[in-house]
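Engineer: Sequence:
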Amino acid sequence: KGCMCGRCWGVPAVSAMGNKVGGCLEGVTGSGAKGRAGKPGKKGFKVCVCGGSTKIGKPLCLLLALDPRVAELCIQDLAITMPPPDVLAEDLQHVGIRCKVKPYALEAIQRPVDHLRECLTDCDLVIACAGWPNNGRTHSDILKLNGSVAKNVVEACALYCPAAIVGLIMNPLNSLVPAMAKLYEKSGLDPLKICGITTLDVLRANKFAAEETGVPVELFRVPVAGGHSGHTNSASSLPLFSQDPVAARIPEARRAAFLQSVQELSAESSGTGASSRGKGAMLSQAYAAWRFGKAVLSGLAGEKTDEFCFLKSDACPGVSFFASKVTFGPAGVEKIHPIGKISSAEQATLERIKAELVQDIQDGFDYAEKTELSGGTPTSPVSKV
Numbered sequence: 012k013g014c015m016c017g018r019c020w021g022v023p024a025v026s027a028m029g030n031k032v033g034g035c036l037e038g039v040t041g042s043g044a045k046g047r048a049g050k051p052g053k054k055g056f057k058v059c060v061c062g063g064s065t066k067i068g069k070p071l072c073l074l075l076a077l078d079p080r081v082a083e084l085c086i087q088d089l090a091i092t093m094p095p096p097d098v099l100a101e102d103l104q105h106v107g108i109r110c111k112v113k114p115y116a117l118e119a120i121q122r123p124v125d126h127l128r129e130c131l132t133d134c135d136l137v138i139a140c141a142g143w144p145n146n147g148r149t150h151s152d153i154l155k156l157n158g159s160v161a162k163n164v165v166e167a168c169a170l171y172c173p174a175a176i177v178g179l180i181m182n183p184l185n186s187l188v189p190a191m192a193k194l195y196e197k198s199g200l201d202p203l204k205i206c207g208i209t210t211l212d213v214l215r216a217n218k219f220a221a222e223e224t225g226v227p228v229e230l231f232r233v234p235v236a237g238g239h240s241g242h243t244n245s246a247s248s249l250p251l252f253s254q255d256p257v258a259a260r261i262p263e264a265r266r267a268a269f270l271q272s273v274q275e276l277s278a279e280s281s282g283t284g285a286s287s288r289g290k291g292a293m294l295s296q297a298y299a300a301w302r303f304g305k306a307v308l309s310g311l312a313g314e315k316t317d318e319f320c321f322l323k324s325d326a327c328p329g330v331s332f333f334a335s336k337v338t339f340g341p342a343g344v345e346k347i348h349p350i351g352k353i354s355s356a357e358q359a360t361l362e363r364i365k366a367e368l369v370q371d372i373q374d375g376f377d378y379a380e381k382t383e384l385s386g387g388t389p390t391s392p393v394s395k396v
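All letters in the sequence shown, in the order written, are residues 12 to 396 by our numbering.
None of these hints come from the bench; they were simulated from the model.
Please read these numbers as outputs of a predicted model, since none were measured by experiment.
Heads up, some of the hints might be wrong.
[Said to hold, decoys possible] DSSO-like, lysine-lysine: derived pairs with alpha carbons at most 30 Å apart:
no.: 1; residue 1: K315; residue 2: K197
no.: 2; residue 1: K365; residue 2: K111
no.: 3; residue 1: K66; residue 2: K113
no.: 4; residue 1: K197; residue 2: K155
no.: 5; residue 1: K381; residue 2: K352
no.: 6; residue 1: K365; residue 2: K197
no.: 7; residue 1: K352; residue 2: K197
no.: 8; residue 1: K365; residue 2: K155
no.: 9; residue 1: K315; residue 2: K352
no.: 10; residue 1: K218; residue 2: K197
no.: 11; residue 1: K218; residue 2: K346
no.: 12; residue 1: K218; residue 2: K352
no.: 13; residue 1: K66; residue 2: K155
no.: 14; residue 1: K381; residue 2: K218
no.: 15; residue 1: K111; residue 2: K54
no.: 16; residue 1: K315; residue 2: K346
no.: 17; residue 1: K365; residue 2: K352
no.: 18; residue 1: K197; residue 2: K381
no.: 19; residue 1: K381; residue 2: K315
no.: 20; residue 1: K218; residue 2: K66
no.: 21; residue 1: K315; residue 2: K113
no.: 22; residue 1: K54; residue 2: K346
no.: 23; residue 1: K66; residue 2: K111
no.: 24; residue 1: K315; residue 2: K155
no.: 25; residue 1: K315; residue 2: K54
no.: 26; residue 1: K155; residue 2: K218
[Unchecked claim] Pairwise CB distance ranges, derived in the manner of DEER restraints:
no.: 27; residue 1: W143; residue 2: E196; range: 22 to 32 Å
no.: 28; residue 1: S355; residue 2: I120; range: 25 to 35 Å
no.: 29; residue 1: T132; residue 2: E362; range: 44 to 54 Å
no.: 30; residue 1: K315; residue 2: D377; range: 32 to 42 Å
A virtual CB, placed ideally from N, CA and C, is assigned to each residue, including glycine.
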C-alpha cells in the first residue's frame, strides 16, 4: 500500500465532503491550472496579510508569495515589529518569486483606515493574524483587546476593499467574527465577507484519524463544525468523525478522546498557556490559513472550492454563526452547507456547543452595538515603507 489512491485503501471515490478521492494521487496534489489564474482580465490576485511580522504571519507570507494565484502580496504590520515589514519583503524577493511584494508599516498611533489606502485598494483577500494572545486573560478582556485590533483592520477593508474576503485568525473568534460581520452589516456591506479561519481544526482531526487507523492522512476529510475552541471558557469545535467513511470505524471512546484533543490544541494555539509551556501553533496555523486562502482564490478564479470556516450561517438551527463546509466561488461565499447526518453522541455534543456559541455570539453583537466603523480621514497620507 505504497500508493495514496482511495481505491487501494478501500476509501469510496467520493468522501463525506463530496470531494473526489479517485485514482492514484488524485486529490492529493495541488489544484490544477484552473486555480492558477486570476479573475478574467486580471493577472492573479492581490492579497494582504495584516500582522505579517507575527509568528504566524511570516510563514504565511512565504506560502502566499509562492502561490501562483497571488500576483501582489502586501505585508502590513507595526513599524516596531521584528523583523519589520520592509525586511520581510526584501527577504522574500530573494526566493525568486514572480509576485510583487510590498511592505506597509504603521506607527502604533496610526489607524489603518487613515494610512492603508494603497495597501488595501483592490485587494481580493485580507488575512488578519495580528492581536493579543490569551495568556490567561478572561474572555471579556481578550474581546476588548482584540476587538480593537480586528475593528482597525475591518474598517479599513470596508473603505478600501469592501468586496474582499477578510479572514480572521484571532480570538475570541466566536465573538469577533459576529462582531465584525455585524459592523459590516451596519455599514451596508455583506457580512459573509467576514470569515473566521478554522481550517487548523480540520487538519488536526484528519491527523488524529490517520494516526489511529494507519490510513494516509491525505485520504481523510473529517468535517469540524461548531465554533473555535480558542479561549478558556469555550470548547465549541466538533469533529464529525462519523461523516468520514474511514474515521467512522474508529471506536466511539477514541473519537471522544480526539474531540477533546482538538479542542485543547485549539486553546493552546490561541495563546492559552502557550507562553509558559513554549507551545502554540505557528507553521501549522500558517499552512491552515494558506489553505483557506487557496480555497478563496481558487473560487474567485472560477474553480469552486470547499473549505471550512466560521461565519454567518443558517447551517445549524438556533445559532446565527457556525463553522461548517463552505463553497467559495467567483462571488466569494457561494454556498454554506448543512451539517448533515451525525451520530447520536455528536448530536449530544452539538446541543452543548450550541449553548456556548449563543453566548459567544451575543458577546460579539454587544461589542458591535457599542461601536461604529470609521470612514477615515480623507486628508491622511498613505503610509508605505
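Engineer: Evaluate each hint against the coordinates.
Structural biologist: Against the structure, the hints:
1. Taking the CA atoms of K315 and K197, the gap is near 29 Å; set against the 30 Å cutoff, the hint holds.
2. For the given pair, K365 sits about 44 Å from K111 by alpha-carbon distance, which is inconsistent with the 30 Å threshold.
3. Note on K66 and K113: the hinted pairing holds, with a Cα-Cα distance of about 19 Å set against a maximum of 30 Å.
4. Distance restraint check for K197 and K155: the Cα-Cα separation of roughly 20 Å lies within the 30 Å cut-off, and the hinted pair is therefore satisfied.
5. Pair hint K381 plus K352 does not hold up; C-alpha atoms about 39 Å apart against a cutoff of 30 Å.
6. Taken as a hint, the K365 and K197 pair is honoured in the structure, with Cα atoms around 25 Å apart against an allowance of 30 Å.
7. Under the criterion of a C-alpha separation no larger than 30 Å, the hint pairing K352 with K197 is inconsistent with the structure, at around 35 Å.
8. Simply put, K365 and K155 have alpha-carbon atoms about 23 Å apart, close enough for the 30 Å limit, and the pair holds.
9. For the given pair, K315 sits about 24 Å from K352 by alpha-carbon distance, which is consistent with the 30 Å threshold.
10. Between K218 and K197 the CA atoms are separated by roughly 40 Å; this puts the pair beyond 30 Å, and the hint is violated.
11. Taken as a hint, the K218 and K346 pair is honoured in the structure, with Cα atoms around 26 Å apart against an allowance of 30 Å.
12. Pair hint K218 plus K352 holds up; C-alpha atoms about 22 Å apart against a cutoff of 30 Å.
13. Restraint check for K66 and K155: the C-alpha separation of about 22 Å stays at or below 30 Å, so the hint holds.
14. With a C-alpha separation of about 41 Å, the suggested pairing of K381 with K218 is violated against the 30 Å cut-off.
15. Restraint check for K111 and K54: the C-alpha separation of about 12 Å stays at or below 30 Å, so the hint holds.
16. Restraint check for K315 and K346: the C-alpha separation of about 10 Å stays at or below 30 Å, so the hint holds.
17. Taken as a hint, the K365 and K352 pair is honoured in the structure, with Cα atoms around 17 Å apart against an allowance of 30 Å.
18. Under the criterion of a C-alpha separation no larger than 30 Å, the hint pairing K197 with K381 is consistent with the structure, at around 12 Å.
19. Of the supplied pair hints, the one linking K381 and K315 is violated, its CA atoms being roughly 37 Å apart against a limit of 30 Å.
20. Pair hint K218 plus K66 holds up; C-alpha atoms about 23 Å apart against a cutoff of 30 Å.
21. The straight-line distance between the Cα atoms of K315 and K113 is roughly 29 Å, inside the 30 Å bound, and the hint therefore holds.
22. The straight-line distance between the Cα atoms of K54 and K346 is roughly 26 Å, inside the 30 Å bound, and the hint therefore holds.
23. A C-alpha spacing of about 22 Å is found between K66 and K111, which places the hinted pair at or below 30 Å, so the restraint holds.
24. Pair hint K315 plus K155 does not hold up; C-alpha atoms about 36 Å apart against a cutoff of 30 Å.
25. With a C-alpha separation of about 19 Å, the suggested pairing of K315 with K54 holds against the 30 Å cut-off.
26. Between K155 and K218 the CA atoms are separated by roughly 34 Å; this puts the pair beyond 30 Å, and the hint is violated.
27. The hinted window of 22 to 32 Å between W143 and E196 holds, with their beta carbons roughly 25 Å apart.
28. In this structure the supplied range 25 to 35 Å is violated for S355 paired with I120, their Cβ-Cβ distance being about 55 Å.
29. Between T132 and E362 the Cβ separation comes to about 45 Å, which falls inside the hinted range of 44 to 54 Å.
30. Checked against the hint of 32 to 42 Å, the pair K315 and D377 passes, with Cβ atoms roughly 36 Å apart.
Hint compliance for this structure: hints 2, 5, 7, 10, 14, 19, 24, 26, 28 are broken, all remaining hints hold.
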